[in-house]
Amino acid sequence: MWENLQQEFYRFFVDNGASSWWINGVKTTILVTLLALVIGVILGGIVGMIRSIHQQTGKLKILNGISMVYLTIIRGTPSMIQILIFYSIVFASVSLNNIIIGGIAFGINSGAYVAEIIRSGIMSVDKGQTEAGRSLGLSSGQTMKMIILPQAVKNVLPALINEMIVLLKETAIIGYIGTVDITKAATLVQSRTYSAFVPLISAAVFYLVLVMLLTYFMGKVERRMRRSEH
Amino acid sequence: MSTKGEVLIQVQNLQKKFGDNMVLDGISTEICKGEVVAIIGPSGSGKSTFLRSLNLLEIPTGGKILVEGVDITDPKVDIDKHRQKIGMVFQQFNLFPHKTVKENIMLAPVALKLMTQEEASRRAEELLARVGLPDKAEAYPGSLSGGQKQRIAIARALAMNPDVMLFDEPTSALDPEMVGEVLEIMKELALTGMTMVVVTHEMGFAREVANRVLFVDGGKIQEDREPGEFFSNPQNPRLKEFLSKVL
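For the record, the sequence lines run as chains A and B. Each step along the first sequence adds one to the number in my numbering, with nothing skipped, and position 220 is 220. Counting the second sequence from 1 gives a position; my numbering is that position plus 1000.
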């Protein structure tokens, strides 16, 4: 019985390159997600601010126009097509690591969703907060950074965490540009072993663990931000 | 309370239009150093809009506002610099909920590099003692009563060492039993010689503390006199009607 189990483990997780697929797969999924998260939050933060400043004051017309084009295109096309465009067209003539291409593509994709989350967060902060900041002599930039954004992010943190989880799972399509992530590793093992059950369930478990880790970490951040509510 | 000093704010034919609605219809007045000016009037009369124009939270559509001789309605003027010297207290307090009481008070002086962290901290403690809330330094605004919030808001504005303080209905959002504590702080502030412009429904405060009372209605100053005469011998028929309703 024990012998049998060990044999099965070797078959699915070690032999014929299986071990390196799984290890690389998990590494790739984590790296692409982290890179995309950073790009998505920065890009989304900037676009979200541009959109809400335009909405509240009517300023930044041109930047707002560019932002609208970006949001429309990204949200209106499948992420699968977007990543293929980045791989086969945008970066076709540049020799870039697929993980970086994937991170950029998913980051630009996620930024569009983050932008709308941030915008709704900024719009949810009472107008009196801006007035209080400006009346003390703070510039609009200082008011945004020190008073509005911290409250906005706190208000939309659950939605932001949700978007991060979606992003992590969405990276499962990166196998289409020939990169071995968790999903690709599972299908590779499946095709070598002619057995679907163990590799697919294992892939599911890997994603589940990563999502739970992300949720745990972001939950800590959320609790820290909520400490002002006694 | 104090003798008439030099002119601090000069308002010339101030106008504000929201679409077709003329909210301020040519207001002209002067506010001198050390004066406490109360502004009363029915709701929708334009009194809050007038007050909020004085630090350009509302952008006037006509006229001039000279603060120490500089026309702040001129777009070339750095309004942030002027606002540092014009404190404002709001009806809804507008404390920063994500900052402690002390951080609320220290934020602007430190961010604008007018004080070091230590100086601002000392100033905050001083001001907290002055508004009677020294034990609330580390509390968050969410845990305070309305009256306490407004006292902190006054302390926050004072931290900038302003030349003038604007109060926009500072007691209107308070439970009745908390009105007194806020008015008391404002009264003490007036006694220190602070120039104050106060939009209020508290006739007692206007009568006791103000040097001048303005009655605003229909976007115009209808009456502008010292409080004794203002309340005992009102001239304007609309003021008479207004006082008969509120007194």
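Keep in mind that the hints were calculated from the coordinates and are not lab data. Honestly, I wouldn't trust all of these hints.
What the simulated footprint calls covered on chain B by chain A, stretch by stretch (three residues with Cβ under 8 Å from a Cβ of chain A suffice, anywhere in the stretch; the number is not a length) [what the hints assert, rightly or not]:
no., stretch
1, 1102-1111
2, 1154-1160
Result set (DSSO-like, lysine-lysine): computed pairs, CA atoms no more than 27 Å apart in a straight line [as the list claims (entries may be wrong)]:
no., chain 1, residue 1, chain 2, residue 2
3, A, K61, B, K1017
4, A, K169, A, K145
5, A, K127, B, K1099
6, B, K1113, A, K127
Note that beta-carbon positions come from the ideal geometry of N, C-alpha and C, so glycine has one too.
* **Unmet hints by their number, sorted upward, for this structure** => 4
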